[in-house]
Amino acid sequence: MHGALRLVGWRLLTGLGVLWGAATLAFLVLHLTPGDQAQAIVGGENAAPTPEVIAQVTREYRLDEPWYVQYLLHLGRVVRGDLGTSYRLHTPVTQAIGEQAGATLELAAAAAVVALALSVVVALASAKRRRWVRGLASGSELVIASIPSFWLGILLLTVFSFGLRLFPATGSHGFQSLVLPALALALPIAGVLGHVLREALEEVLEEPFVISARTRGQGDMAVRLRHALRHALVPLITMTGYWVGALLGGAVITETLFTRQGIGRLLLGAVNAKDLPVVLGVVLLSAGIYVLVNLLVDLLYLVIDPRLRDAPAPAARTAVEGSA
Amino acid sequence: MTLKRTTIRVAAAGTAAALTLAACGSGSGGDDADGTATTPRNGGTLVFGENGQEPTCLDPHGNASSDGPVTTVPVADSLVWYAPGGEIQSWLADSWAVSDGGRTYTFKLRHGVKFHDGAEWNAVALKTNFEHMRDPATKSPLAASYIAPYEDSKVIDDHTLEVHLSSAYSPFLNVLAQGYLGMISPKQIKEAPQTICEKPIGSGPFILDKWTKGQSVTYHKNPDYDWAPKGAAHTGPAYLDKLEIRFLGEDATRYSALVSGEVHAIDFTPPQHVEEVKANPDLGFLSAIRPGHPMSFWLNTSRAPFDDVRVRQALLAAVDRKAIIEGISFGQYEVASGFVTSSTPDYARGLEGTITHDEAAANRLLDEAGWTAKGADGIRTKDGRRLVAYFPIDPSFPAQRMQIAVQTQAAAKRAGIDIQLQTPPTQEVSDRILAGDYDLSSGLWATNTADVLWIQYSSENITSGDRRGQNVARLKDAEVDRLVQEARETTDKAEQADLYNQVQARLIELVPAIPFYDDPRPVSYQKKVRGLSFTPAYPSPYFYDTWLDR
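Here the protein sequences line up with chains A and B, keeping their order.
Counting from 1, one number per residue, gives the positions in the first sequence under the numbering used here.
Counting from 325, one number per residue, gives the positions in the second sequence under the numbering used here.
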C-alpha cells in the first residue's frame with residue numbers, strides 16, 4: 001500500500017506543476033495574440049465605446065500594467081483561491097463556471113457511459129466472430145469515428161428531431177434533450193474505443209489461459225466476460241486521457257449545435273473577448289480534471305493488475321503498458 | 325421588381341400598426357370566417373427562437389448586441405416611442421420642449437408609472453438613468469456614446485426634468501426611443517448596480533425571471549402594467565402570461581425548431597428558408613428593414629489605392645450589386661440605393677437608381693486614374709505597382725459577407741483590381757481596423773436616424789489615440805463634415821431633411837463604401853401567434869401585443 005500512497009503524492013505534486021503551467025500558457029497565449037484588450041472587452045461590431053469607457057476598463061482591469069505585473073496579479077489572485085470577476089459578464093468567475101458546469105458534466109457523463117457501454121458490447125459480440133460480423137462492426141466503427149461530429153449532430157437532428165420528432169432539438173432540460181447531444185458526442189468516441197477493445201480482446205482470446213478455461217467447459221460468453229474482458233480493459237483505461245479530452249473538446253461543438261448550456265461555449269466567448277479571468281478559470285478546471293483523471297487511472301491499474309501494487313510509483317504505468 | 329420593392333417598403337414602414345391591426349381586428353369579438361379567433365386571448369407562454377448574438381449583459385445600457393433590445397424591451401420601457409417614418413411619440417415622457425437652440429430638453433414625465441421593485445418613475449429616476457448610462461463604471465459600449473452630448477440635468481419638479489446638452493443634438497429623441505436606452509429602476513441603480521447585468525428591473529410589461537446564459541431568458545407578465553406606448557395596439561397588461569427567448573445560434577437548428585413546433589416564432593429567418601416559410605400555410609412571415617447604414621464594404625480612403633476617388637468609383641461601377649445580392653440572399657434582400665437604408669428618416673428617395681453597374685465606366689475611370697498598364701494576370705499596374713487592395717474579414721462574420729466578398733473580388737478582377745481576401749483571427753482584424761491597416765472592411769450600423777452619416781463619415785469619427793470612431797472609410801471631406809454637423813444641430817425638420825439629402829448625394833460621388841443591401845429583420849411565426857410586431861426604433865420583435873390563438 002506504501003507504493004500507492006507515494007504514487008498519489010507524486011501525482012498531486014506534478015499536478016500542481018501542470019496547473020501552474022496551464023495557467024501560465026493560457027495567460028501568455030491570450031496576452032501575445034493580437035488584439036487590444038480594452039477593445040475586445042467593450043468592443044465588437046455594434047459597439048461604440050466612448051474614450052471614458054475605454055479608460056475605465058483599462059484602469060479597472062489594470063490593462064496598462066506591463067505583462068509580468070498583470071501575470072503576477074492574476075497568479076496571486078488564483079493562489080489565494082480567488083478566480084476573480086469576468087470582464088465581459090460582470091459576474092464572479094466561479095458563478096459563471098458554476099452556471100455552466102452542471103450541463104457540461106451531465107453531457108460528458110452521459111456520453112461517457114454510452115460510449116463505454118456501446119464499445120464494450122460491440123467488441124464482445126464481434127471479436128473473433130465470423131468474417132462478415134467483424135467486418136460490419138469495424139467498418140461502422142471506422143465510418144462513425146471519421147464523421148465530423150458536427151455533421152453527425154445535424155444528421156441525428158434531421159432524423160430523430162425534425163423527421164421522427166422523437167427528441168427536442170435544443171435546450172438542456174431533462175433526459176429527453178440529453179439523448180441526441182450525448183449520442184453525437186459518444187458515437188465517434190465509441191467507434192475508436194470499440195476498435196481498440198476488439199483488437200485487445202482478440203489478442204487475449206488467443207492466450208493459453210483462455211484455452212484452458214474453455215477446456216474446463218466454460219461457455220463462450222462466460223470466457224469472454226470473466227477472463228478476456230478484464231485483460232482487454234487495460235488498453236481502454238490507458239486511453240482514458242484520449243476520451244476525456246475528446247469529451248471536453250467535443251462538448252464545444254455539441255453544445256453549440258444543440259444550443260445547450262456549457263463550459264465549451266463559455267470558453268469560446270471568453271477567448272474571443274480576451275476575458276482573462278474566465279479563460280484562466282476554465283483552463284484551471286480542465287487541467288484539474290485531467291490531473292485527477294490520470295491519478296484515478298494510475299490507481300485503477302493497481303486494482304486491475306495486482307502485480308503492480310508494490311512496484312515503484314513512476315514505473316507502474318510503464319509496467320502496465322508493457323504487459324498490455 | 326418594382327412591385328416587390330414597394331410592398332416590402334410598405335411592410336417595413338407600417339409593420340407595427342398594420343400587423344397588430346391584422347391580428348387583433350376590431351375587437352368586436354367572436355370568430356371570423358375561417359374559424360380563428362379575432363379577440364385577443366389572455367394566457368399562455370410564447371417561446372421565441374433568437375439567433376446566437378446573446379448579449380453578455382442584460383443592462384440595456386451595458387450591451388451593444390443586436391439581440392439587446394429584443395431581450396430588454398420586454399423589461400424596460402423607454403422615454404419616448406419612435407413611430408415608423410420617424411415621428412416621436414410620448415411614452416414614459418408625456419411631452420417635451422426643446423429650447424436654447426436645441427441644447428435644452430425639458431421632459432414632462434408620465435404619472436403613475438412604477439418599476440417592478442416598486443420604485444416610482446419621476447424626474448430623479450430619469451436623471452439617475454442618464455447618469456448611469458454616462459457612468460464609466462457601467463462600461464456602456466453604446467448608450468454612452470449615443471448620449472455623448474449630455475451634460476447634466478436639473479430636477480424642476482417631481483415629474484419635470486430639464487436636460488442640458490453641450491451642443492445641439494437633434495437625434496437625441498430618436499436614440500432615446502431605442503431599447504439600448506431603456507429605463508431601469510433608480511433603486512436598483514443606486515442600491516445594487518452590480519445586479520443589473522444579470523437581472524435588470526424596469527417598468528415594462530414583462531418581469532425578468534431568469535437568464536440561463538447560453539440558453540434562454542424567461543419572463544412573466546407584469547399585472548400592473550398600464551403605461552403602454554401609443555404605438556401599441558392595446559393598453560393594460562400584456563396578453564401572454566410568460567415569455568421565453570431561446571438563443572438558437574445555428575440557422576438550421578433555429579429554422580427546424582420552428583417547423584417542428586418547438587418554438588412559436590423565430591428571428592433572423594435564414595434567407596434560404598424564406599420562400600419555404602411563405603409557402604407553408606401554417607407559418608406567417610414579417611420583416612422590417614433596419615434603419616441606419618446598409619451592409620457595406622467600406623473603402624479606406626486614407627491610403628492607396630482607394631485614396632483616389634476614381635478608383636473607388638471604378639470599383640463601385642464594376643460590381644453588379646443586384647446580381648450578387650439576389651444570389652446570396654435567394655432574392656430576399658433589397659439592394660441598397662445609397663448610404664442610408666430606405667427605412668431611415670430623411671432617406672433620399674430621389675437618388676434611387678443613381679448608382680449603376682457599368683463595367684465600361686469602371687475601365688475608363690481606372691484608365692483616367694493612371695492605372696493603364698496591365699500585367700500578364702490581367703491586374704492593372706501604375707509605375708510598376710500592381711493595383712492591389714487588402715480585405716481582412718473577421719471569420720466570425722456571417723457567411724453571406726464572405727460570399728459577397730468573393731463575388732466582389734471576381735468583379736474587381738475583371739476590371740483589373742486585385743482584391744486580396746484575408747481571414748486573420750477576430751482580434752487581429754479588430755487591431756488592424758483600429759490601426760487603419762486595411763483597404764476594405766465590412767459592416768453596417770443600425771440606428772433610427774440619418775445621423776448615422778455623422779457616425780460613419782464625420783472626420784471627427786476617425787479612430788485615433790483614445791478616440792474609437794466608426795468612420796472606417798477614414799473619409800475626410802469638408803463638405804460632408806459641414807453637412808452632417810449642421811444636420812445634427814438644426815431643430816428645423818425641413819432644413820434637416822434637405823441637409824441629409826445633400827450628404828447622401830455627396831457620398832454617392834465620393835464612394836466611401838460599396839453599399840450592398842438594406843439589412844432586414846425577418847421573423848417567421850406559427851399562425852397561431854397573433855399580434856407579433858416590431859418596435860420600430862431598433863426593429864426587434866415586440867411581444868406586448870402578442871397573444872396565442874388556440
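Keep in mind that the hints were calculated from the coordinates and are not lab data.
Honestly, I wouldn't trust all of these hints.
[Unchecked claim] Only some residues are given here: those of chain A computed to face chain B with a beta carbon under 7 Å: (1) P49; (2) V53; (3) T58; (4) T94; (5) G98; (6) G163; (7) L164; (8) R165; (9) F167; (10) H195; (11) E199; (12) G249; (13) R265; (14) L268.
[As the list claims (entries may be wrong)] In the SDA-like style, the derived pairs of lysine to any residue whose C-alpha atoms are separated by at most 20 Å in a straight line are: (15) B:K537 / A:Q95; (16) B:K545 / B:K800; (17) B:K514 / B:S419; (18) B:K852 / B:K514; (19) B:K537 / A:N272; (20) B:K534 / A:A101; (21) B:K537 / A:L136; (22) B:K534 / A:Q95; (23) B:K534 / A:G98; (24) B:K537 / A:R129; (25) B:K817 / B:S419; (26) B:K451 / B:T428; (27) B:K554 / B:A603; (28) B:K523 / A:G98; (29) B:K523 / B:I471; (30) B:K545 / B:K514; (31) B:K537 / A:E99; (32) B:K537 / A:E106; (33) B:K852 / B:K537; (34) B:K537 / A:T238; (35) B:K800 / B:D790; (36) B:K537 / A:G9.
Even glycine gets a Cβ: it sits at the ideal position worked out from N, Cα and C.
Taking the hints in turn, this is what the structure says about them:
The interface hint given for A:P49 is met, as the beta carbon of that residue sits about 5 Å from the closest beta carbon of chain B, less than 7 Å. Contact between A:V53 and chain B, as hinted, is supported at the beta carbon level, the nearest pair being about 6 Å apart and thus within 7 Å. The closest approach between the C-beta of A:T58 and any C-beta of chain B is roughly 9 Å, which is over the 7 Å cut-off, so the hint fails. At about 14 Å, the closest approach between the beta carbon of A:T94 and any beta carbon in chain B exceeds 7 Å, and the interface hint on this residue is violated.
Taken as an interface hint, A:G98 does not check out: its beta carbon lies about 11 Å from the nearest beta carbon of chain B, beyond 7 Å. A hinted interface residue such as A:G163 counts as satisfied when its beta carbon comes closer than 7 Å to some beta carbon of chain B; here the least separation is about 9 Å, so the hint is violated. Nearest Cβ of chain B to the Cβ of A:L164: about 10 Å, over the 7 Å cut. The hint is violated. With its C-beta approaching chain B no nearer than about 6 Å, A:R165 sits inside the 7 Å limit, and its interface hint holds.
Proximity of A:F167 to chain B is violated relative to the hint, the smallest CB-CB distance being about 10 Å (cut-off 7 Å). Checking A:H195 against chain B by beta carbon gives a least distance of about 30 Å; that is not within 7 Å, so the hint is violated. Against a cut-off of 7 Å between C-beta atoms, the interface hint on A:E199 is violated, since the closest Cβ of chain B lies about 37 Å away. Given the 7 Å rule on beta carbons, the hint for A:G249 is violated: about 17 Å separates it from the nearest Cβ of chain B.
Residue-level restraint check for A:R265 holds (minimum Cβ-Cβ distance to chain B is 5 Å; threshold 7 Å). Hint on A:L268 is violated. Least Cβ distance to chain B is approximately 10 Å, over the 7 Å limit. The straight-line distance between the Cα atoms of B:K537 and A:Q95 is roughly 11 Å, inside the 20 Å bound, and the hint therefore holds. Pair hint B:K545 plus B:K800 does not hold up; C-alpha atoms about 50 Å apart against a cutoff of 20 Å.
A hinted pair counts as satisfied when its Cα atoms are at most 20 Å apart, and B:K514 with B:S419 does not qualify at roughly 26 Å. The hinted pair formed by B:K852 and B:K514 fails the criterion: a straight-line CA distance of about 42 Å is larger than 20 Å. Of the supplied pair hints, the one linking B:K537 and A:N272 holds, its CA atoms being roughly 17 Å apart against a limit of 20 Å. For the hint pairing B:K534 with A:A101, the CA-to-CA distance comes to about 17 Å; that is within 20 Å, so the pair holds.
Taken as a hint, the B:K537 and A:L136 pair is broken in the structure, with Cα atoms around 43 Å apart against an allowance of 20 Å. With a C-alpha separation of about 15 Å, the suggested pair B:K534 and A:Q95 falls inside the 20 Å cut-off, and the hint holds. For a cut-off of 20 Å, the pair hint linking B:K534 to A:G98 stands: about 15 Å separates their Cα positions. Of the supplied pair hints, the one linking B:K537 and A:R129 is violated, its CA atoms being roughly 49 Å apart against a limit of 20 Å.
Between B:K817 and B:S419 the CA atoms are separated by roughly 18 Å; this keeps the pair inside 20 Å, and the hint holds. This hinted pair checks out: B:K451 and B:T428 have alpha carbons roughly 14 Å apart, not beyond 20 Å. With a CA separation close to 34 Å, the supplied pair B:K554 and B:A603 exceeds the 20 Å bound. Distance restraint check for B:K523 and A:G98: the Cα-Cα separation of roughly 17 Å lies within the 20 Å cut-off, and the hinted pair is therefore satisfied.
Annotation: proposed proximity of B:K523 to B:I471 is violated, straight-line Cα distance about 24 Å (limit 20 Å). Restraint check for B:K545 and B:K514: the C-alpha separation of about 25 Å exceeds 20 Å, so the hint is violated. For the suggested pair B:K537 and A:E99, the alpha carbons sit about 8 Å apart, so the restraint of at most 20 Å is met. A hinted pair counts as satisfied when its Cα atoms are at most 20 Å apart, and B:K537 with A:E106 qualifies at roughly 17 Å.
Restraint check: the Cα-Cα separation between B:K852 and B:K537 comes to about 28 Å, which exceeds 20 Å; the hinted pair is violated. For the hint pairing B:K537 with A:T238, the CA-to-CA distance comes to about 36 Å; that exceeds 20 Å, so the pair is violated. Restraint check: the Cα-Cα separation between B:K800 and B:D790 comes to about 19 Å, which is no more than 20 Å; the hinted pair holds. Note on B:K537 and A:G9: the hinted pairing is violated, with a Cα-Cα distance of about 38 Å set against a maximum of 20 Å.
Of the hints listed earlier, those the structure fails to meet are numbers 3, 4, 5, 6, 7, 9, 10, 11, 12, 14, 16, 17, 18, 21, 24, 27, 29, 30, 33, 34, 36, in rising order.
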